[in-house]
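Asks: The primary structure of each chain is shown beneath.
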Amino acid sequence: MAEPMGFFTDTTVCIGCKACEVACKEWNQLPSTNGGANTLSGQSYDNTRQLDGIHWRHVRFIEQFDADRHDGRWLMMSDVCKHCAHASDACNGCRDCIGACPFGVIDINPVSGTAQKCTLCYDRMQVGLTPACAKACPTESIKFGPLEELRRKARGRVAQLHERGHTAAYLYGDDEKILGGLNSFYLLEDKPEVYGLPADPKMPSRNLFPASMFSGLGALMVGLVGLLSFRQRRMDAVAGRDNV
Amino acid sequence: MRLGRGAATTFPRNLVESDCIVIEGSNMAECHPVAFRWVMQAKLKGAKVIHVDPRFTRTSAMADIHAPIRAGSDIAFLGGLIRYAIEHEKYFREYVVNYTNAATLVREDFKDTEDLKGVFSGLMDYTGDPLNGFVGQYNPETWQYQREADGAAPAPAPAGGSFESLVRANLKPAPVRDPTLQHPRTVFQILKRHFSRYTPAMVERVTGCPKETFLKVAEAVTANSGPDKTTAFCYAVGWTQHTYGPQVISCCALLQLLLGNVGRPGGGVLALRGHATIQGSTDVPTLYHSIHGYMGAPSILKKHETLADYLKAETPATSYWANMPKFMVSYLKSMYGAAATRDNDFGYAWHPRISGDHSHMPMMIAMADGKVKGMFAMGQNPAVGGQNARLQRRALSKLDWLVVKDNFETETAAFWYNSPEVKGGELRTEDIRTEVFFFPSAQVGESDGSFTNTQRLIQWHHKAADPPGDCRSDIWFTYHLGKRLKKLYAPSTLPRDEGVKALTWDYDRDTPPADSRIKDEPDARKILKEINGYDTATGAHLPNFAALKDDGSTTAASWIYCGVFPAPDQNRAASQNPDPPGGVGTHLGWGYSWPANRRIMYNRASARPDGKPWSERKKYVWWDGQKQEWTGYDIPDFPVKKAPSAPARADGIGLDAHSGTDPFIMKADGKGWLFAPAGLIDGPLPTHYEPIESPVQNPLYKQQASPVLKYWKREDNQLAAVGDSRYPHVLTTYRLTEHHLTGVMSRWLPWLAELQPELFVELSPELAEPKGINNLDWVRISTPRGSTRARALVTRRMRPLTINGETVHRR
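As given, the protein sequences belong to chains Y and V, one line each in that order.
Reminder that position 140 of the first sequence reads as 140 in my numbering, one-by-one numbering, no gaps.
Converting from the second sequence to my numbering requires adding 244 to each position, the first position being numbered 1.
So that you can see chain V by itself, here it is in the shape it has in the complex (with noise of 0.2 Å):
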């Protein structure tokens, strides 16, 4: 949200280069044991290693600070942090003033959390469908920046034709500007403002961390960050599993900005991905909320009745986002093929359109209602992964029909005999009408197919053998499926139906493989080219996205994509050409990176504004005065002929609008956003508030937890109130290296589940003595919502942190 993309900035591989390597929110060597490994080399070359985690763990083992904080209070760390480089003049002020949004004056109407005890302008009571769980919502229109006049009236759009004169119609006025960054509603100022109570003290009192334990790692982070030096940020679920983890990620990459290690070599933030092509899985999407490559999905909840209103609403008429009707288009023509044509808004109509939150906890409580009648579960196990995993499993119980399939019979599909609610005669078998199938699965190396790493790497996996009995590919099963029901559907005449007639679903091999049993795999290659995407009249595949048209010429299911599979023989997934030794690690031709190969992504940042290097060690995308194009280790982030002296046009539309040095391409003003005037649902600052339910009073502000958190409120969802006394630890779920995920891939195998046999609960002496809690004992562990039973594992690597002045102890 605040520099552009929804991916790791950079590339494990980079961390060698970083001179410090801060890990939060992840316990990295345990949970990317092989990305820990660049960790490791840059330890060895003499980089500083931090983890910031309330364990210490096997991550901790091997870092040079351990900074304990309690769970939950990360934004309250980073938030110091922020402090600290402001206060003592630490961030990088060249950086800041050039390519973020720091000298950007906000509306003067907008209020700040210093101003209303903890809360942004524009709060109000959540009017819409009580499904979305929100419990509040924000009117973002005071968060917008000031502009140099008011706009004109916008042109109308005209209909049909060029959708250009539709995007230039959403130009607004430029911003108003202030790069002496005095100006007290400057971006900057404000920051400032807003940082000014998370003092070293306030972090200690907030996260538990001791304050010299903070200090060191405020000097070291901001000793290495600079034009000579960079740092990065390592983060996993440990953020984003809160109900303010969007704001702990942009916390972290305000920090970025503010020290100038965003597109640099060393730098970034790298958001590591937990599980095999799940970066795959938001780029060609199986969210709800946005349709292949980010464009947002059409809802009805927004003015999106046909195409033009859709682009409209969505397109920006700034930043390399301008061109979302060609990407939209293409899109469209991908899903409905010769059927999408001009004249039907290329079959805009027949697209589904969503109504609210159908993100999985809803779904989920949607169903404990009987609102939900089916339910595929691929690659997934919410009977035993899910929050108030006893909600879910109990919902499951409502359905009508339930697919799952997994290489393992999961908790999942064995709810109706084996749960915890029927073994403890809480749901009886008999009474579960839901008629569960399961299909076995077939494992990686039975199909083709490609995987999407933490890195936006898109690389190639090739069949070495046929699966056993009935087990088949995801992409057999899915394909399958959709023929069998367009079968269904093609007798059909009611309007909503033409959808899925019209639906291109043609993945067929063309010649039976020889040497497998299984004739009926779908190409994988086929549905490359179709992500990647064609010329809808020769079927030539595309080079790059650059190519794509808004007039139906062209093809792309995923527009980030286009440019993996330019031509028949050239699947650069599949390529496998490592630079030689001594490289300089970038390895251009090992798969393919989306966008366009890059590797770090705002790599034009990695250059002055005037396009040198920042320094000789940080070298990385320059301007080459000779060619007159950017150069580099790596594919630039930026137009390659785009001189650093280009000026902004006033009235161009796209990147016209940005000048030579707006690195963040993007984003609307081509800067990155230490203020997120649009993008945040939930303030356009980070502030540090209590996780939902919490031990302790928020000691930074009135407002204990946020505002527009969800929380669906219901008897089989409650919460522990603010210091109730019959819950007062703060309990936290991980991982551990010997186990994937819910264990579905690792608990069935013998050489892993001897590493770690038994479900464990670590706690430190000081909570175990006094309850009279020894090694090995079995402990009970309760929240309002459910209980189970584990093992103990008393250890001092556990520890009680002080809160606020309170003993708060963490298991």
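One chain only, chain Y, in its complex shape (with noise of 0.2 Å):
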């Protein structure tokens, strides 16, 4: 089997150029918001506003000042789907991924009418090609190859941040502390709730199996409420075989 290939996007490099958001969209004929009518923010520089079934990648901007413009820092992330280690890959056209997705980068594309997200450029992938948004990045913010190789440069990186004092500086989801693994993963320098990440997403799935005891007791349940009721009967009957 081929190593398993992902993301790592190092956000102290990203320059906010979107370029990936535009040679993803190139790549895969995305369609524009509205229809190309698109209304300013008035959120920093974000226009596009969040991954959906139309933006596969997206530029998150955070504008973190004092007051007194004493500390202050423009941060900026490209963002994508996290290409769960443990996620489906089956599709049937249901639309219950987009409920399901803990970080909500699945949507609608209002032109297909199917349900999108970003596929890794598998049909790049399949000839060898990068996928097209870490082709274009100018600064290589947005890192594709062999996962291990990957965790493996993060690592290095997070250890030089640290030695230049950047001590905020961290990965995540390189390990699998956040569900079990991400194969798109993250160099952060805030918390995740900064950058519009979930600290501790859970997959719905995780209900499935307490909903399903839950679900067997109900059955046992009305297994045995029948079971009582049809006694009942039967008893009554019997009593009543008595009476007659």
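FYI, nobody ran anything at the bench for these hints, they're computed from the structure.
Be careful, since some hints might not be right.
Calculated lysine-lysine pairs in the BS3-like style (CA-CA distance at most 27 Å, straight line) [unchecked claim]:
1) 793(V) to 570(V)
2) 117(Y) to 177(Y)
3) 954(V) to 547(V)
4) 153(Y) to 289(V)
5) 615(V) to 957(V)
6) 455(V) to 334(V)
7) 707(V) to 135(Y)
8) 143(Y) to 289(V)
9) 745(V) to 731(V)
10) 946(V) to 436(V)
11) 455(V) to 946(V)
12) 135(Y) to 289(V)
Covered stretches of chain Y, going by a simulated chain V footprint (3 or more residues, C-beta under 8 Å) [what the hints assert, rightly or not]:
13) 14–22
14) 44–50
Ideal Cβ positions, reconstructed from N, Cα and C, are used throughout, including at glycine.
Build the complex from these two chains, which are given one at a time in their own frames, with help from the hints.
Replies: See the structure below:
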């Protein structure tokens, strides 16, 4: 089996140019917001607003400035599907994925009418090409490659940043702690929530086992009640017969 | 002007070698994101990145230090750095003494801004044509070097024959030097006095940058300059588009010379060009004041009557420019072909001569006055991008005809029905008599041709597909226009039409292309051959500009490009042979960089005077004692066989007048100019003047604005007076990554338009709140010349600055 591949996004070198968004749309021929008549969001330089069926890459802009501007930074991060290690890869068009995705990555593409998200440029990968976003990134903020190699690079980068005094830098999703591992993981400098990422995401399927237990229990109860009622009827019948 | 060539001294890839990168007058991450890759790689290696800019932009977000300054105060900031380097003795003394004119003495009658309250000696009223716009002018005579003795009267130029004696007659006695730099009239001492008042406290007063931040920058820049370290400066139109733009850039060059950062890896002054092949458009120029290869345009305002007059007036006897007769004669041979002979001055008299300032603004002013009848707009959109665009749109309505050739119908093409003036009722479509022709343009991938990018690199692009419909390439349009004009002029017997009739205009393909439906596309390779030059007898391509002759036996449309196409099968612009991974990164096999494929200019300065590298770490070009030649990672920008010990010859012309330690081969004295005795019309040293519209009085000098700036005073071109309470804010216009220039190439593309869908104005909460402006509100922005509406983007990335004790808001 081929090595597992994925993305490592180093947000500390993202310059917010959005080349990834455009390259993604161009390669995958995704439509633009509202047929091209978008409006200003007023939220920093983010006007595409979210990941959804027509935005498979999305650059977030987070402005953090003190009132006196003594401390200030402008964080940028190119977000994408997390490619959860334990996600189902079969689609039968039921759209349940939209509500189920813990990162809110998936939505309907209004042109195709189907639920869509990043495919890691599967068609490009088939012929040995890098996904369009990683190829377009001028600063190599988005890296694509074998996961083990990416993790090694990412940990080296965190160590380098710590050495230079950027001690807040850490990796998000590089190990099993988040949903058993993400095949698209990030280097962040602030809490996940600041970047719109859940600190401790949960799969809806985590409830499957307890839910199934409840269902089993319910079934048991129904069965029991049924049994009891049958028994009652029989007893009544027996009693009736006796009464007859 | 201080270094010798009008181009970036280095290349973006080389920023990886920098220990410190200062970006000022540029929003590099947003406007040059691909070149910014190298800044980020340098940062990953540990380089310090500094952004000096009015706004906190995506570039600032990547920088280690963001130094906020008020727009237009760059010279005060750079001047502060110069003073800091001198006062703390942190300049690179050995470099400065040997490679710059620091030791040269200036004439006794020179007076500095320190002596004359902010102006230099030689200031006069402007007496020329008002259309040129000058408010004053300098006579630069007192700015000259003091020379050994008054030169003997130059020998008269001989009639005809070689031009060498004509050049020799321009030889001047050597300038007086004091290598101890102690003489009060040395350039170094003048410099020290000139910048003495640019203290950190004054920098804070003028620019608004907190003193502590300024000092952090000063420490980083000086600590990262010297034999073992280098600092690079990157700039763009944030510097060039001021009334004193050239002075800002020359101030930076001055600082970089002081710090010894020119001609060395990881150093330099990197001009970031904002448009594809904008470098090319000044090399083979669309400029009015220079002809191909940066020779001055023949002018009726100078003694340029004959070719000999022109060459005598324009050719310095020393420096590589002493070869100008070869460049000029080869240029004229390229223009007029066989019709250009020694007997008719190689057709010099046919060449157009300028009569003043024919640049964009005076042209539009003349147009507004009905003096210009027609205009071609190709790759330009003045209705949106021009300063005082209202004046420019109104000027367009005075034209008889306007040709717009573009990919989309631009606002310039649509001004007659779609401009704010028409929509607002100020102009009526039925009153506009301008006939507008719109020609759809082919895209880059639809024709062969070349680009010259920010690093002087000429790169070929191959046609990938036919353009649709009637779309045609720029060379198709220009070539066929020229052919039709020549046909119209052919019957003329007027002497003034001889030039058009004699013009070489022969770029038809030998065989029509089989794979294209456009059979009459000209042959771009023939045009490249014309630019490169060839032997007029055999037609053989010339190998390099050393092969040019002044006898009419060679041609070269632009001598600096000579060598790009040295043989019919060697189009070096199309060369794509990169260095293998782990190489030194000069990639000499990729494209062709003028001059002579050199990547870092003045690279002789990367070695010590004795020819050895300044340090192992900064090794680049050095003298190989065994082979007795210069060698290294780049093509030496120096005579390859000239030893470091070679003396200058007092009677020598050209490079013979330079010694083996003079790296600036285009300058008359071979030195980098800390002080510019010639070439800058607005002063030999940079001086902080306020922008022509400013909220404050100049805190540094009594002189408020440049005494020689250009301003066209008229009803429709009004300025706000200093401190006018109706216009209290400093407004900066800028580009975003998501859009290109006036947006002609990006606003029509939905994938780009959705990223930045509307015009907005960024303002700080401190400015917005008292005015009751909320985020996304519509606001009106007004100047004395016009107004527009935009959405408010209220952000703490913008901040008020304290200038001269007062709060000044920017947006």
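Asks: Each hint needs a verdict: does it hold in this structure or not?
Replies: Cross-check of the supplied hints:
1. 793(V) to 570(V): holds, 5 Å
2. 117(Y) to 177(Y): holds, 24 Å
3. 954(V) to 547(V): holds, 24 Å
4. 153(Y) to 289(V): holds, 15 Å
5. 615(V) to 957(V): Holds. Residue 615(V) to residue 957(V) sits at ~17 Å (cutoff 27 Å).
6. 455(V) to 334(V): Given pair residue 455(V), residue 334(V) holds - Cα atoms ~19 Å apart, limit 27 Å.
7. 707(V) to 135(Y): holds, 23 Å
8. 143(Y) to 289(V): Cα-Cα ~18 Å, so holds.
9. 745(V) to 731(V): holds, 9 Å
10. 946(V) to 436(V): holds, 20 Å
11. 455(V) to 946(V): holds, 23 Å
12. 135(Y) to 289(V): Given that 27 Å is the threshold and the Cα spacing comes to 22 Å, the pair holds.
13. 14–22: Contact hint for the region 14–22 of chain Y vs chain V: holds, 7 residues under 8 Å.
14. 44–50: Holds: 4 residues of the region 44–50 of chain Y have a Cβ under 8 Å from chain V.
Violated hints are absent here; each numbered hint is respected by the structure.
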